[in-house]
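Protein chains in written order, with my numbering: chain Y, 5 to 624; chain U, 501 to 851.
The set of hints was computed from the structure by calculation and includes no laboratory data.
Predicted, not measured: the structure shown is a model, and the values here were computed from it.
Be a bit skeptical, because a hint or two may be false.
With the C-beta cut set under 7 Å, the calculated list includes, among others, these residues of chain U facing chain Y [what the hints assert, rightly or not]:
hint	residue
1	Leu599
2	Ala652
3	Leu821
4	Asp822
5	Glu835
Pairs of lysine to aspartate or glutamate residues, derived as DMTMM-like cross-links and limited to a Cα-Cα distance of at most 20 Å, are as follows [stated by the list, open to error]:
hint	chain 1	residue 1	chain 2	residue 2
6	Y	Lys270	U	Asp839
7	Y	Lys270	U	Asp781
8	Y	Lys270	U	Asp554
9	Y	Lys271	U	Glu833
10	U	Lys513	U	Asp554
For glycine and all other residues, C-beta sits at the position ideal for the given N, C-alpha and C.
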Amino acid sequence: MATISKTGLAAIKSVNDFVVKFANVNGSGSASANGLFAKSILRMGIPASSRNIFPSNIQGLPTWYEVRISESGHLGRRGGVDLMVAMNPETWDDDVAEIEPGGYLFYDSTKPLPPSKFRDDVNVIGAPLTAICNREYTDARQRQLFKNIIYLGVLAALLDIDRVAIEKLIGEQFRGKDTLIKPNLHAFHLGRDWALSQLECPIGLRLQRVDKVGDRIFTTGNDAAALGCVYGGATVAAWYPITPSSSLAEAFSAHCHRLRRDPETKKRRFAIIQAEDELAAIGVVIGAAWNGARAFTATSGPGISLMQEFIGLAYFAELPAVIFDIQRGSPSTGMPTRTQQADILFCAYASHGDTKHVLLFPQDPRESFAFAADALDLADRLQTPVFVMMDLDIGMNEWLVEPLAWSEGRRYDRGKIMTAEMLEAGVEFGRYLDVDGDGIPYRTYPGTHPTRGAFFTRGTSKNRYAKYSEEGPDYVENMQRLLHKFETAKRLVPRPIRRTAREPTRYGAIYFGSTAAAMTEALEALEERGVHLDTMRVRAFPFHDDILDFVAGHDRVFVVEQNRDAQLRTLLISEGDIDPARLVPILHYDGTPITARFIVKAIADMLSVVTLAPLKKALP
Amino acid sequence: MTYIAKPRLHHPKLPTNALGFTRRDYEGSVSTLCAGCGHDSISAAIIQACFELDLPPHRIAKLSGIGCSSKTPTYFLGNSHGFNSVHGRMPSVLTGANLANRDLIYLGVSGDGDSASIGLGQFAHCLRRAVNMVYIVENNGVYGLTKGQFSATADKGSKARRGAVNTDSPIDLVALALQLGASFVARSFSGDKAQLVPLIKAAIEHKGAAFIDVISPCVAFNNNPESTKSFDYVRAHNEAVNRLDVILGRDEIIADYAPGTVETVVQHDGSILRLRKLAVDYDPCDRISALTYLQQQHAAGEIVTGLLFVEPEASDMHDFLDTVETPLNALGEVELCPDAEALARYNGAHR
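Bound conformation, chain Y alone (with noise of 0.2 Å):
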């Protein structure tokens, strides 16, 4: 039976604006159950995002999956929790310490807990889940995989979810299993029925049917990368299976499998190679771009690591290639199915030497669809790799975007290619030669032509004919070339957003990546403070001069990034000639995605206010 908090503490009402977060143990089917009840909200038309927060690990270690429900359409993290669904004693504490006050916490009452275990300042909510298991199932998979669809039904009647629209996903869900549908539907009205007859429903947290998600999807950045790779040409891929990004690569061959085939033969127009190593895998996308093809690997950070001399020739043999860093918690194996933004300056500069790196940072899956088709196109109009900088929270979670969009009659840019005809023609051919004054040469496929257009591609120096050349000035005219390629590229990347407070102000911030969706959370919140800010949201490096013109035009610009050591200012301080003073970092790197509460009040306790009121007065 329900239990309500013994203080009398006026629990939290709210409709459509809360933050559920579901406490359970790997390997025990929960994911399935969770997912349905994250899809449910979407489908009343309130809009919500999830993150799963797990181990690196099969069965049997703590896992979490936090929804957020928004009306208003804020998807980041918030930060607190609601309502706890604790299903795993192992967490029990900490899972119960993270409850706002007034908030619910919901738990499998069958074994009593000592009075020690709960807070006063909770309302609990008992369902003897195993209980009703053990009464209704006697076969033990069953117990445990039931166990979650029960609990769903019960959150169902607490939260006041659309019924049929829980079912309806059901049926979609095991669509083509339909001797499943029947059991799952009999376990959620269990739980669901359970829980009207015994519990006082719905909870001061209740679901209303609004129509706010529009014609949104909800989907990750892995899956919608992969699909971002088919509809931008790519036709080779060489991974080796890496956390977190190993799901990208798979979603690259299910697309290609059912849009990609002859559709007479049905033979493949893709190959994927899954290589021996992520040096291999990066080897295969050089070779395979050197030869025409448009490549492509994903990898983390550790695989970066060993694709850093295949990187460097690339550069200096101006190959393309496209890389997907899916980030994760870093150094070495860090916290590997945990997020981070760390491996900015690593990518900026990958590789001995002087070497400096095209970088694309996509904010959510929707971007990570069209940067991954932008990012072929730039690898070969620049001839060089192109990194896209995701991390585990957009490659991993779904989120709910706008629907993916691709501009029909759209051709891809192969970049400046001397074909049979030009040099038939007698075009001259100079294999690193500035022709067109922006940095960027001619290059020709192997095979081209019989007797022109051949050259050697190495790592070593060589001259504008790509004759070997040890020669300093051949040299250093090269390096110069790629450093004005490079300038080129400011021009070619995503440019930059920018947001202008409603109120003029000094102060500005920069964020990229995924901590965009908490910090639009956190700017309104900061604006309802008093505090105005101006943004600009990064989505390249090359810097465009946008972004310098930004911090130039502001005394202080706070710099939003989820690392250690403020990774984002330094490219900022040291490409942009910045004075570091002018830049203040904010910086989240405990491993789990940034939130709009930790923005505002690592902002406001920057700003050192408390109380808004001074605040012009307050600052330095």
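Following the hints, position chain U against chain Y.
Frame of chain Y, contents of chain U only:
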């Protein structure tokens, strides 16, 4: 010096092949290797093989890693695209290149340091994957470019010029290639052009992963009598199992060998490999007995050369991947980009 071009003029009566090219059209720039280096003989054999096979030079892609051997692609096939990649990683680059365009001929050139040490993993995996290529290791048992350190193929007890003795067990790339599933495996000696040229020709005609280990003495660091990779040692211990003639499908077949000592193997493209068997009990189509024979002879101190194994109707990586016949690099938006309807379906399925 490599940047010094060879004179373009040549004797007007220089013989031409079916494509009208002379041997000179298959040459590269002047070699910078030491005078007498075995590698230059291998380059010459490659040039002769390509000339005799009437291959359009631009339809060959030559790839290498790092080291003396990997420098050689500059010295042959000057009208072919070349790629001098990173140490030990030629196989992955070649694999990628092959995926992009299945229509070119891929020639991978490597050395014993490149393939048996730093690149042993990539060596193994490209053979496992049955990449359609000719993979030549120019095997001298030493690191030449860094001045004479032992490589992993140096025999135990082998003595370097400066007296150092190798104490580590050797890696036999031929035995590995057999074990890993290469469908054409041969060993030869850079000083034996009569054996090497037909082997290279047969390997080019072969569909699948073709591997040739060519013992190529290093005149600077490893040509002393105590080295098992020296000219003298190899000449004294060479146990050739067969002599090969390659007869292309288009050639007239002339039978001039005594029956009973000749074994004929027809490859997938109709080319005929005629093996004049020197070791009567040797069966080049049996992987297991090839391995056994190789190891028995090695134990007896002999270096077995010749075509050790061939699987004439082998499949390659593209067969396994079931890729389209058109090279992937020739596909454009029409073939590659799904339509708006497919995207609408994706969006619909994620609501």
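Structure-based check of all given hints:
1. Leu599: Cβ of U/Leu599 sits 4 Å from chain Y, so the hint holds.
2. Ala652: 18 Å, violated
3. Leu821: 5 Å, holds
4. Asp822: 5 Å, holds
5. Glu835: 6 Å, holds
6. Y/Lys270 x U/Asp839: 18 Å, holds
7. Y/Lys270 x U/Asp781: Cα-Cα ~46 Å, so violated.
8. Y/Lys270 x U/Asp554: 34 Å, violated
9. Y/Lys271 x U/Glu833: 17 Å, holds
10. U/Lys513 x U/Asp554: Judged against 20 Å, a Cα distance of about 18 Å means the pair holds.
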